[in-house]
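Trainee: Protein chains in written order, with this note's numbering: chain P, 1 to 138; chain Y, 1 to 113.
If you are wondering where the hints come from, they were derived from the structure by calculation, not from laboratory data.
All C-beta atoms, glycine included, are put in the ideal place defined by N, C-alpha and C.
Among the hints, erroneous ones may be present.
As the list claims (entries may be wrong) - Under the rule of at most 27 Å between Cα atoms (straight-line distance), these lysine-lysine pairs were calculated in the DSS-like manner: (1) P/K93 <-> Y/K6; (2) P/K97 <-> Y/K9; (3) P/K86 <-> Y/K89.
Unchecked claim - Residues of chain P clear of chain Y, computed beta-carbon distances all greater than 12 Å: (4) E47; (5) T58; (6) E90.
As the list claims (entries may be wrong) - Computed from the model, here is a short list of chain P residues facing chain Y with C-beta under 10 Å: (7) K9; (8) P11; (9) N15; (10) L18; (11) G39; (12) E54; (13) D71; (14) S72; (15) V74; (16) I94; (17) R103.
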Amino acid sequence: MKKPTVELKLPILPNMELIATQTAEVIARHMHLTDDQSGEISMALIEACINAFEHSKTDSNVFIHFLIEEDSLVMKVIDQGIGFDKTKVEIPKIENKMGKDERKRGWGLQLIQELMDSVEFESNSDGTTVTMKKNIKH
Amino acid sequence: MSSFIKSTKEANQIVIIETDGYLNNEGGEAISAICYEKIKGGQHKFLINMAGTKVVNSIGVSILIEIIEKLQEVNGKIGYYNLAPIVAKTFNIMGLTKYSTVFATEEEAVGAL
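Could you build the full structure based on these sequences and the hints that come with them?
Mentor: The following block contains the structure:
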């Protein structure tokens, strides 16, 4: 049987990531996830959406796919932007950000990786897909 | 005042800011605007009551890091209470808890800051 899937198409507009988190909360309830798991999924989704909105350098929509599996939830955030090289993204540390006259941003990938059980990035000049998986412990 | 700021008050020379809603870029800037104005006026201790903020993003939280940095220049302090578990976890991952404190309640926070 085909796995249940929920698909969203988000325009790049302020706070559209909250539509994704509201959908994630409904799916989390359906899957009987804990409040902690639901919060982690929503936070990772927010960060993946913001990265897509800010760094894809495109006006194209961002697509989000939720794949409901028996023992996991898989979320894909797909943009059609310019892509990025993950090896060039520094792991942020607050110590390195203090005392410098610049914004303290750049935490998105770190948060996603800390909050999800596995994360994969596929990126090229046609766009980026971030695949995030949360294992469900029944 | 931004709708993100539900209220501000002072207790024991601590400025207490109560937030309401999504801590994003605009929310972070609303907090920092109050803090920077109060710092100019000589206030150096701040508490954020985040009972009404269940959702944050890293951009909004990064503005709190900027406030921490500014407070270090004046030997000031900032703390937070009534955090949702995911907000506390995010603060921990981003390292805010190395430079500022998460409290359980306002009473605990006002007593300790």
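Trainee: Take the hints in turn and mark each one as holding or not.
Mentor: Evaluation of the provided hints:
no., hint, verdict
1, P/K93 <-> Y/K6, "violated, 31 Å"
2, P/K97 <-> Y/K9, "violated, 30 Å"
3, P/K86 <-> Y/K89, "holds, 24 Å"
4, E47, "violated, 6 Å"
5, T58, "holds, 20 Å"
6, E90, "holds, 14 Å"
7, K9, "violated, 21 Å"
8, P11, "violated, 17 Å"
9, N15, "holds, 7 Å"
10, L18, "holds, 7 Å"
11, G39, "holds, 3 Å"
12, E54, "holds, 9 Å"
13, D71, "violated, 22 Å"
14, S72, "violated, 19 Å"
15, V74, "violated, 20 Å"
16, I94, "holds, 3 Å"
17, R103, "holds, 7 Å"
In this structure, the earlier hints numbered 1, 2, 4, 7, 8, 13, 14, 15 are contradicted, and the remaining ones agree with it.
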